[in-house]
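Counting from 1, one number per residue, gives the positions in the sequence shown under my numbering.
Rather than coming from a laboratory, the hints here were simulated on the basis of the structure.
Possibly wrong hints are sitting among the right ones.
[As the list claims (entries may be wrong)] Now the in silico label distances, taken between C-beta atoms and shown as ranges: (1) Gly269 / Glu109: 31 to 39 Å; (2) Pro102 / Asn274: 14 to 22 Å; (3) Leu78 / Ser183: 32 to 40 Å; (4) Ser270 / Asn81: 41 to 49 Å.
Even glycine gets a Cβ: it sits at the ideal position worked out from N, Cα and C.
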Amino acid sequence: MEKWKIIILLLPVSLASCFHDLDETGAFHSKYNANERFEMSQEWSSTHPFQIILIPDSDYSVLFCSDTHIGTYEEFNLVLNAAKSPSAAALVVAGDITRGHPESYDTLETLMNTADSVNWFFTPGNHDLYFGGWDEYFPRFGASSYYFVVSTPAGNDVFIILDSGSGTLGSLQLDWLTEVLESFHSSARHITIATHLNVFKDGFGTTSGLPIEEVNVLLDLCARYEVDYVIGGHDHDRNESELGPTNYIIMDQCHDDEDGSSYLEINYGSESINHDFHSLE
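Using the sequences and the hints given, assemble the complete structure.
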């Protein structure tokens with residue numbers, strides 16, 4: 001009996017761990033599962049082909065951040081301004097962009113309408129799907145699983161965006177990921193994957209990563225197809241791991257109400273690829 005009491009007490013803590021202001025009402029499940037969202041994303045992509053960003057130089061950067069939890073957006077606005085740099089080809093926001101409520105989505109959409117000089121790409125996190133959030137996300141921002149290409153004089157770099165917002169990638173998305181990697185492996189200069197949940201954790205915590213079965217598949221694919229980076233968020237606690245050819249990075253949050261916020265910049269070049277974190281404090 002005491003064991004069940006402990007589980008019941010810890011459950012809300014686990015759900016709230018990715019954001020301290022979570023109202024748990026309506027936040028226990030997403031209306032659509034990973035396979036359903038993937039099928040909707042594929043239908044959307046059939047009329048919205050993948051984007052190719054043409055860069056005149058062989059060297060450029062892409063900015064990444066996560067867990068902005070809009071509401072307020074002072075720190076995220078700093079990232080948007082950094083993404084307007086001529087050297088930045090794109091900005092990827094890896095989930096928990098909003099607090100899930102319609103008002104939060106309204107604020108985000110209004111903000112992004114002012115960032116027309118930025119090539120920005122989203123994928124949802126768990127908070128974006130709470131409170132029926134997919135019904136807000138999808139009509140405004142479209143597919144949550146897709147890829148884009150940055151084309152340079154030295155070659156093409158591929159960026160694959162995965163939806164792990166409900167805690168799993170799902171079988172359909174993993175099959176699609178395999179097909180995309182197979183398609184681009186021989187021609188791509190660099191390959192980067194971004195999603196909300198993470199592959200590796202540092203220490204113990206109340207947040208959770210991908211299911212171990214999916215982690216094993218992802219690790220195998222990254223080794224087989226020589227993926228350069230897998231970028232995630234969710235934990236609000238930076239961690240870097242390297243396995244084979246792949247760097248696995250968990251980003252800090254980019255949230256006004258927490259200390260230690262930062263964003264990630266990856267520099268892609270013809271001779272090398274490297275990354276830096278930029279503090280927002």
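So, going through the hints one by one against the coordinates:
1. Range check, Gly269 to Glu109: Cβ separation about 34 Å, and the 31 to 39 Å hint holds.
2. The given range of 14 to 22 Å is broken by Pro102 and Asn274, whose C-beta atoms sit roughly 40 Å from each other.
3. Distance hint check: the CB atoms of Leu78 and Ser183 are about 36 Å apart, consistent with the given range 32 to 40 Å.
4. Restraint check, Ser270 to Asn81: a C-beta distance of roughly 28 Å breaks the suggested window 41 to 49 Å.
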